[in-house]
Amino acid sequence: MNKKMSPEEYKKYSKKTRADGKRFEKFIEKLFNKFFNWEIHCYQSKQKQYNIGENRAGVEIKYDERSLDTKNVYIEYEEKAKQRKGSYVKSGILRKDNSWLFVIGHQDGLIFCFSIKLLLRLYKRNKKTKKYELKKTPTSKSFLIPIEDAKRMAEWYFKKRCIRPSEKPSRDLTKVWKMINNKQIED
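Taking the working numbering, I'd label the letters of the sequence shown as residues 608 to 794.
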């Protein structure tokens, strides 16, 4: 969404993107459970999402519908819940919550898993270097990482249909397993 929409258009768009995002969350929950035997369980209450994070596992999950077309990964750092005047609030990689892993993608394309710390370093560096394109819509601010760069930077990524990790992950999967197994998850 790059242009300001009428309230009716925005309501329809917002409802669709929320539904798509929820389906993607469920898909990622199943993928992580099947591949890593790791249960994520996204919170359903807004209060828990704001006070703790998206889930108790500390995995921020973002659906990126346009990555297939743009060949970029959309890394959000600020948002507005609605098209309105006023400031944006921190979101995505800038939220102060329990997130340590950022999972973004599309079921029919690539799914990337990034360390939040890495994305924060890129965000800070990009403020100076302007290497990655900045994107601003009426409801979101982000920077775009070309897919080929994302493949090199991601902790790991999954190919189309997400049946298994890529044959050539950008990093050794043993590091990822250590990250997952050493992460203490409180009940």
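These are calculated hints, taken from the structure and not from any lab test. Be aware that one or more of the hints could be misleading.
[Stated by the list, open to error] Below 20 Å or equal to it, Euclidean Cα-Cα: the simulated SDA-like pairs (lysine to any residue) are:
| no. | residue 1 | residue 2 |
| --- | --- | --- |
| 1 | K623 | P745 |
| 2 | K692 | K678 |
| 3 | K623 | K641 |
| 4 | K622 | K653 |
| 5 | K689 | L701 |
| 6 | K623 | Y681 |
| 7 | K678 | W763 |
| 8 | K734 | K689 |
| 9 | K689 | K731 |
| 10 | K724 | K737 |
| 11 | K734 | S747 |
| 12 | K637 | S621 |
| 13 | K629 | C649 |
| 14 | K653 | E615 |
| 15 | K731 | R759 |
| 16 | K734 | I723 |
[Unchecked claim] Derived DEER-like restraints, expressed as beta-carbon distance ranges:
| no. | residue 1 | residue 2 | range |
| --- | --- | --- | --- |
| 17 | K735 | F642 | 17 to 27 Å |
| 18 | S694 | N658 | 20 to 30 Å |
| 19 | N644 | P614 | 36 to 46 Å |
| 20 | T624 | K697 | 18 to 28 Å |
| 21 | H648 | R625 | 10 to 20 Å |
| 22 | G693 | N644 | 37 to 47 Å |
We put the CB at the ideal spot given by N, CA and C, even for glycine.
Tested hints:
no.	hint	in the structure
1	K623 / P745	holds (17 Å)
2	K692 / K678	violated (30 Å)
3	K623 / K641	violated (27 Å)
4	K622 / K653	holds (16 Å)
5	K689 / L701	holds (19 Å)
6	K623 / Y681	holds (18 Å)
7	K678 / W763	holds (17 Å)
8	K734 / K689	violated (26 Å)
9	K689 / K731	violated (26 Å)
10	K724 / K737	holds (19 Å)
11	K734 / S747	holds (17 Å)
12	K637 / S621	violated (24 Å)
13	K629 / C649	holds (9 Å)
14	K653 / E615	violated (24 Å)
15	K731 / R759	holds (19 Å)
16	K734 / I723	holds (17 Å)
17	K735 / F642: 17 to 27 Å	violated (37 Å)
18	S694 / N658: 20 to 30 Å	holds (21 Å)
19	N644 / P614: 36 to 46 Å	holds (45 Å)
20	T624 / K697: 18 to 28 Å	holds (20 Å)
21	H648 / R625: 10 to 20 Å	holds (19 Å)
22	G693 / N644: 37 to 47 Å	holds (44 Å)
Hint violations for this structure: numbers 2, 3, 8, 9, 12, 14 and 17, all remaining hints satisfied.
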